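Asker: Spelled out, the chains give:
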Amino acid sequence: MGTLTMGTPAIGNLTMPLLVQSGNIVRSLLSRYRMKALSVWCLSALLLTGCTTTNSIQQAHWQFLSGDARAAANTLGNSDEVARKDKLLYWLEKGMYLHYAGDYQASTRELLKAASFVEDSDYISLADEARELLTNEWASSYRGEYSEQLWIHSILMMNFLHSGKFESAAVEARRALKVLESRPDVLNNDHFTRSLIALSFEAAGQINDAYIVNRKLSSDAKHLSLNQLLFEQAFSLGFTIDAANLQSSLDSGNTNQATSSARSTAIIFIPSGHVPQKFSGSLITSDVSRLAFPQYVIPASRPGPYSIMVNGETCDCQPISSDLGNLVNHSLNKRGTALAAKSLLRAAAKDAVADSVSDADEIVGEITRLLLFALEEADTRSWRSLPRHFTMVRVPLPDDSTEWNIQVTRNRNTVNSVAVFTLDSRKPLQFISVVPQQLKSVE
Amino acid sequence: MHYKSSRPHCVIACLFAVLSLSISGCATTRDISPESNIHYDASYDFADKKQIVNHLSSSLMQFVEESNVRPTLINYGIGNQTSEHINTGGISDDIRLALVQSGRYQVINEAQRNNINTETDYQQAGNVAIAQRIQQGKQLGADYVLAGTLRSIVKKQPRQIRLTKKKLIYYTLNLELTDTETGAVTWADKVEIARESSKPIIGW
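Chains A and B, in that order, give the protein sequences.
Mapping of the first sequence onto the working numbering: position 213 corresponds to residue 213, and the numbering continues sequentially without gaps.
Add 1000 to the 1-based position in the second sequence for the working numbering, that's all there is to it.
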C-alpha cells in the first residue's frame, strides 16, 4: 500500500488505516488463488461493465445547448437501445427536452417512467455493488441525486398544470412532498418546488393542502409576498383567526399588494441558465493508485432580475426562485460519506488484486496496476438539461380586460431580453413557460 | 492433496451455478380469475377496485330498496386525492354499470351530452325527416348527484437496521348522493382498505 501524496490531511488520516485493513483482507483471500482470482475478476469486469450509451445523450445535449430541444429529444430515439444503467438519465434528459419543446404529454410519459425507476431502485443492488467494486461507479445504474429525484416531480407538476390535468398535478405534488420529507435538510431550500406543490393543490381545488404548504413556506422563507395569497386561502377555508392575523399584516403594509384578489391569475415559470456539471476529483494514494470522486464547482449566480408588464402596466409581482446548482451540490455532499467509503473499498480491492498478481509475476502485476489506475473514474453523470434557476411569478390579470398582453423582461448586464405572451381566456389560473429561446435581446 | 485440489473446483462450480441461475429464467403467461385477490405490492390494484365497486353499488341499491322509488342520478365522478395516478373513472364507470344493470336507478350519461347536442343540431338542421327527429326538452333531470373522493395515507417504516422495508397504505373511498333539490346528502358510505407490504433492502 502506498502513502497519500495528494489531498487533505483529514481525509488521509481517515483513509489510510481503513485502506490498509481492507487491502489486507482482500490480499489474504487472493493469496490462495492468485491467477485464478485475477481471471475471474477480469472476466467479471468485462461481463458486468456493459456498453456505454452516453454518446447519444452527449450529442442530444449539444443540440439542446444550440437551442433545438425537439431535435435533442429526437436524437435520443428509443429507450430500448439504452443500457439499464443509463435509463434514468435517458428519461430525465428526454423528458426535459420535450418539456422545453412544449410537448407536455410526451414529456410526462418519459418522466413518469423516470419516477417509477427511482421508486423501484430503492434497494441495495448486489449486481451494482459488484460492478462498482470491480470497475468504477459508471458501471452501476444511475439513480439521480436527491434534488434530481425531487425535480422529476417538479417538471411533472408543470407538465400537468400546462395540460389542464390539475388532479394529476396534485398527485405529483403529494409525491414531491414525500421526497421533500425524506430529505428536508437538503431540499427545504427548494422554494420554487414548494410553491409549485401549493399551486398544484390550489389548481386542483384542494385549498386546505395548498394553505398548509404555503403557510410552512411563508414561515420558513419569510416570503411576505405569500401573505395576500394566504389571507385569501384562510378566508375561503373559514380560518377566521388566521385570516384576521394575515389581514393585519397586510394592513400594516408589510406585504406586496400586487397579488390582490383577481378573477384570473397568470402563473409564469421562467428557467434560466444551465445547472453546473459534475467533474471528476482525484486523490492519489500511491504512485499508481488513486481514489476518484465526483464534485461540483458552483459559481455565484442569481436569477433574472425579471420585470413583468401586463397591458403596458408594470406588475409589482414578487418572484419565488430556486437555485438548482446549490441544491444538487448539497445533495451530492450529503452522499459524500457513502461515496468515500465505496471509493476506499474499491481502491483496497484493486490494490490487493495488483499486489497479488505482482507476487506471481512482477511485470504482469505492474500492467494490472496501471489498468486498474486507468479504470478508476468518478461518476460524473447528472441531469444536465436542468436550468440553473427556476423562477415562478404570480401575475394577477386586471378584471377590466378580456385580453392580456404580458411582457417578461430579463434585465442583465445592461442587455434586456424580452418575451411577449397574449392570454384571452378568463380561467382562474393560466400557465406560461418562458423557455430560454423565447427571450429575445432588445436594444 | 486430493482435498486441497478439489476446493477451487467447488468455488468455480458454485460461481457457475449462481451465474446460471441469475442469467436464466423463462417468461411465462397464465390466465387468472378477475375474482382472485392477488397483490404484488401495497398499492391500489384491480382487486381493490372490485371490492370498492361491489360494496358501494350494493349499498346504493339497498338505499332505494328501502325507499321503493327509481331515482334519476348523475355521476360527477370520484376525485383522486392519493399519491398515485389512479384512474378513478374506472370505479365510477363500474358503479354506474352495476346500477344500470340492477334497474333500480336511471343514470344520466353526462359524458355524452355534447354528442347528444351535436346529433340534435344535425337532425334539427333539416337532415332528418320531421317525423323521425328526436323531440327536444325530454331529457331527464337528475334527482341526485353522485360524487366521491379516494384518499390514501402512506406510512413507511422509519430508518433503522433491518433486512426489509415495510410500508402501510390506508385507502378510503367516500361516496355521497346529494339531493339536487334540497342540497342535502341523502346517502353516504365508504370503503376502507388497509394493507402492509414489505420488500427486501438487498436485491439483485
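Keep in mind that a hint or two might mislead.
[To be verified] Partial pick of chain A residues on the chain B-facing surface, computed with a CB cut under 7 Å:
# : residue
1 : D120
2 : I124
3 : L126
4 : A127
5 : R175
6 : R215
7 : L217
8 : F421
[What the hints assert, rightly or not] FRET-style restraints, in silico, Cβ to Cβ:
#  : chain 1 : residue 1 : chain 2 : residue 2 : range
9  : A       : S56       : B       : W1204     : 23 to 33 Å
10 : B       : R1195     : A       : D399      : 44 to 54 Å
11 : A       : E81       : B       : W1204     : 18 to 28 Å
12 : B       : S1036     : A       : A127      : 26 to 36 Å
[What the hints assert, rightly or not] Straight line, CA to CA, 25 Å or less: simulated SDA-like cross-link-like pairs of lysine to any residue:
#  : chain 1 : residue 1 : chain 2 : residue 2
13 : B       : K1199     : B       : P1158
14 : A       : K113      : B       : S1197
15 : A       : K165      : B       : A1111
16 : A       : K113      : B       : I1202
17 : A       : K165      : A       : H330
18 : A       : K216      : B       : I1153
19 : B       : K1190     : B       : D1093
20 : B       : K1156     : B       : Q1135
21 : A       : K178      : B       : R1159
22 : A       : K342      : A       : D316
23 : A       : K222      : A       : H330
24 : A       : K178      : B       : I1153
No lab work stands behind these hints: they were computed from the structure.
As the structure is a prediction and not an experimental result, all values here were calculated from the model.
From the three backbone atoms N, C-alpha and C, an ideal C-beta is built for every residue, glycine too.
Asker: Under the constraints set out in the numbered hints, which ones does this structure not fulfil?
Answerer: 1, 6, 7, 8, 17, 20 and 22
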